[in-house]
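Peer 1: Protein chains in written order, with the working numbering: chain E, 7 to 131; chain X, 2 to 767.
Quick caveat, the hints were computed from the structure, so don't treat them as lab data. The C-beta atom is built at its ideal place from N, Cα and C for all residues, glycine as well. Careful, some of the hints might be misleading.
[As the list claims (entries may be wrong)] Okay, derived cross-link-like pairs now, PhoX-like style, lysine-lysine, Cα gap no bigger than 25 Å in a straight line: (1) E:Lys10 x E:Lys95; (2) X:Lys220 x X:Lys256; (3) E:Lys36 x E:Lys95; (4) X:Lys575 x X:Lys684; (5) X:Lys684 x X:Lys705; (6) X:Lys300 x X:Lys311; (7) E:Lys122 x X:Lys575; (8) X:Lys598 x X:Lys609; (9) X:Lys684 x E:Lys122; (10) X:Lys609 x X:Lys684; (11) X:Lys256 x E:Lys36; (12) X:Lys598 x X:Lys684; (13) X:Lys715 x X:Lys598; (14) E:Lys10 x X:Lys545; (15) E:Lys95 x X:Lys598.
[Said to hold, decoys possible] Not everything, but these chain E residues come out facing chain X in the computed CB check (under 10 Å): (16) Ala48; (17) Glu52; (18) Asp93; (19) Lys113.
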Amino acid sequence: MNDKIALLIVDDEECLVRNLAAYFEDEGFKIFTAHSGEEALAVMAENKIDAAIVDLRLPGINGNEVIEQSHARGNKVKFLIHTGSTDYKLPESFSAFGLTGNYVFLKPVVDMARLKSAVLQLLAE
Amino acid sequence: MSKLNSDRDFFFSQTGFLSGLALRGKLLSVIMIVSSCSMLLASSVFIFYQWYAFRQFLAEELISQAEIIADNTEVSLAFNDPKDAQDVMESLGTRDSIMLACLYSSNGNQFAAWSRDTAMAMCPAYSSESGYSFENKTLLVRRKVTMGDQIIGTIVIQSDLRELNPFVNNSIVVSILMLLIAGAIAFVLSARLQALISGPILYLAGLAEDVSRERDYSKRAAIQGNDEIGQLADGLNNMLARIEKRELQLRKSEKQLRAIIDNTSSLVYLKDLQGNYLMVNQRFADLFNVDVNDIQTWKEQDIFSAEEIKIFKENDLAVIRHEKLMEFEEQVSQAGGVHTYISVKFPLYDENAQPYALCGISTDITDRIEAAGEMRQLRNYLSNIIDSMPSVLVGIDPGGQITQWNKQAEKISGISFYEARGRMLTDIMPGLVNEMDKIKQAVRERRVITDNRMTNKKEEEIRYTDMTIYPLIANGVEGAVILLDDVTERVRIEEMMVQTEKMMSVGGLAAGMAHEINNPLGIMMQSAQNISRRVSPDIAANVKAAEDCGTSVDTIHAYLKKRMILDFIEDIRKAGARAAAIVANMLQFSRRSDSMKQNADITELLDKTLELAASDYDLKKKYDFRHIKIIREYEPDLPKIPMFVTEIEQVILNLLKNAAQAIAESEGNEEPLIVLRVRRERKEQLIRVEIEDNGIGMVENIRKRIFEPFFTTKPVGTGTGLGLSVSFMIITNNHQGKINVESTPGRGSRFIINLPLAADMEEKNE
Ligand SMILES: Nc1ncnc2c1ncn2[C@@H]1O[C@H](COP(=O)(O)OP(=O)(O)OP(=O)(O)O)[C@@H](O)[C@H]1O
Ligand SMILES: [Mg+2]
């Protein structure tokens, strides 16, 4: 079970976290969850996380800052953005971490399989 | 008379022998000739008289001699003594001139004779007469010799005339001397006196010469008197006065004429028949920079080109040949380009009615031609504008009769201007009967009156018309121009824009709420997905969990299926998806400017979207691309155009789906067909995309509304009616392009999208 991908799901909406966690668990991922930016950074600091699905609008620091700080700390976590903000603009600097428009998902994601294939693709890069 | 005349002519005529002499010589000659002639005649008479008198004297002397001889020979005769008679007669020899003396007796016999030269002696025949006679340059004297009353003989003495000749000669010499002296005196006197007559005449002649030389008609002859010369001087003075007056008048009128000629804006010139300039006016001289006074100092060639001169010559010749005034249009290149002149040319005649010169008056009509050209252009321009305007333009006079009727009016009414002209507006356009009051008001109050959105029903459809009435007030033209615009289309678009505006505010609202809606939608659908997944026998965890609960996944699954729970779950998912789609579409109405356009190949995008549409076929929505023939007509080497790729993709996808749906709806369509056309419109700098189908097409009332949001003919749940309105938004608002449609019911539709090329692309093409 060591080869399980460690996936962090960050969202302030508990139901959403639960749904994604359920799906990815079923798909054989090792799931970590967080409901705020600060919590996410703490989880990443304590555990070895492969990838994270991050909501943008979070209480406290937002998704963008989580990604920035994580990279600033030298974490190698790969990020996907899962947001309800229709006017989200991806900061140019994120492409340096391999975070491009392909990995920005607007809610609602009707078929979670899309997220899964994106995570796999992101990790394969 | 004629003789007299000819004599006079001989002396005074210009060709007579005196003609060569001056007046003074003439006078002198006349005086001398006359005085010589009279003196000659006098001396001739004198000489003749001298001669005659002397001869008489000689005869009387000889007679007295004869009487002496007769007395002395009386006795001899009586005594018949010839010897004695002879002696008496011998005494005659003392006088040299006596040549012969003969004495006859009364019976006629010669009694005695004496002769100086015996050899020559020859007594004339006897005659009893007495007297004398001149015969053969001799004088013959007969004298009767009487004794008492009885005639006893006759004495005859002959003498030559030697004494006469010296006397006559002397007379001649004297006469000649007198003649010479008198002549000299006459010459001297007449030479002095002729000046009395010739002086004033010469003075007058000199004056006349001065006047004619100096052309100074103010001079006057200073001679008075009642004689002919005085009269002549008076006459001359009068004449001079009259000439002076005439000259002044002439000079004045010449000055006037010259002023007119020089100040006219036309070129005026005289040329002789050889084409040499005789006179030009100031304007001519100024224009061509020549000397107006010294015509000889310049030549035609200095001013005009050979080509121009050739044309002038032809025109001039025509005038001379036809001997009448003619008009020509002549071109002259001068400072400021080629100018056009209208030249009036006419011949000038001399006193023999022969043309000797040509006068030309050339007026520069370049400006006029240009103005006329501009005018014509302007008129064409105006009538073009009037005819090409999409509005109906009708001109009417104050009585309401049609005076103007443009192409659009012809098109809309089907009545030509020719037919409409002069007819009452209300006859031809009955719809305007109610508007006549407004038209009259506009004309009366001289103001523009507009009446917008007049409604009229045409073929069961409401049409909107804007009317504007312009009263004609300029240049005394009365009446009005009525402009009618069919604004139905615009009204519809405006209505649509209002709706779009509404949608945009909805969009703005949607953007604000999207997050709040999308989150629950996400939860809803992901939950549904998890439910379906977690009741599925395919997932290992499910099997285990079911066993833990003392049942099997299959049982649970069978139950859920039997109770249609799985269908319900699927319904939740679909409803969620629909709601999500609506929200997503509604978001399209909100303006965004954040993301950047990329340059993309439209044909590539078309092909990609077509693939997407084909993979997305949906039997429930009744379209299937697998049976549709796709024809691509792409112009090669098209430039990329800037666009939001996902948006254009969405537009094309909707068009393709619509087309497929329209085809599916057209029953019995043997050959379902979609044509994709892309070409470049170089002039307008845009790319034109056409998507054409041979589906059911649209009736007019549907076609007009398809871009309205939520307009759909599809069953509820199948179409939202947002597809085309979103497309319209994307194309016109986000891409500054155009989208429209052509359709024939039952035959198919064609959607046309125009997308502008990039600005820098346009420049490159220029
Ligand atoms: N190619 C076509 N041929 C005939 N009718 C068409 C065609 N395209 C569109 N229409 C008409 O236009 C209407 C509006 O189309 P639009 O794409 O806006 O909405 P929809 O297709 O009905 O719904 P949605 O696109 O949201 O599924 C359609 O309902 C149909 O009546
Ligand atoms: Mg549609």
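Peer 1: Each hint: holds or not?
Peer 2: Hints, verified against the model:
1. E:Lys10 x E:Lys95: violated (32 Å)
2. X:Lys220 x X:Lys256: Measuring from Cα to Cα gives roughly 23 Å; hence the hint holds.
3. E:Lys36 x E:Lys95: Violated - the C-alpha atoms of E:Lys95 and E:Lys36 are around 30 Å apart, more than 25 Å.
4. X:Lys575 x X:Lys684: Judged against 25 Å, a Cα distance of about 47 Å means the pair is violated.
5. X:Lys684 x X:Lys705: Measuring from Cα to Cα gives roughly 28 Å; hence the hint is violated.
6. X:Lys300 x X:Lys311: Since the Cα atoms of X:Lys300 and X:Lys311 sit roughly 14 Å apart, the hinted pair holds (cutoff 25 Å).
7. E:Lys122 x X:Lys575: Within the cut-off at roughly 21 Å; holds.
8. X:Lys598 x X:Lys609: holds (18 Å)
9. X:Lys684 x E:Lys122: Violated, because 50 Å separates the two Cα atoms, which is more than 25 Å.
10. X:Lys609 x X:Lys684: violated (28 Å)
11. X:Lys256 x E:Lys36: The given pair, whose Cα atoms are some 123 Å apart, is violated under the 25 Å limit.
12. X:Lys598 x X:Lys684: holds (24 Å)
13. X:Lys715 x X:Lys598: Distance ~33 Å between X:Lys715 and X:Lys598 Cα, so the pair is violated.
14. E:Lys10 x X:Lys545: holds (20 Å)
15. E:Lys95 x X:Lys598: holds (14 Å)
16. Ala48: violated (24 Å)
17. Glu52: violated (26 Å)
18. Asp93: This interface hint holds because 6 Å falls under the 10 Å limit.
19. Lys113: This interface hint holds because 4 Å falls under the 10 Å limit.
Checked against the numbered hints listed earlier, the structure breaks hints 1, 3, 4, 5, 9, 10, 11, 13, 16 and 17; every other hint is satisfied.
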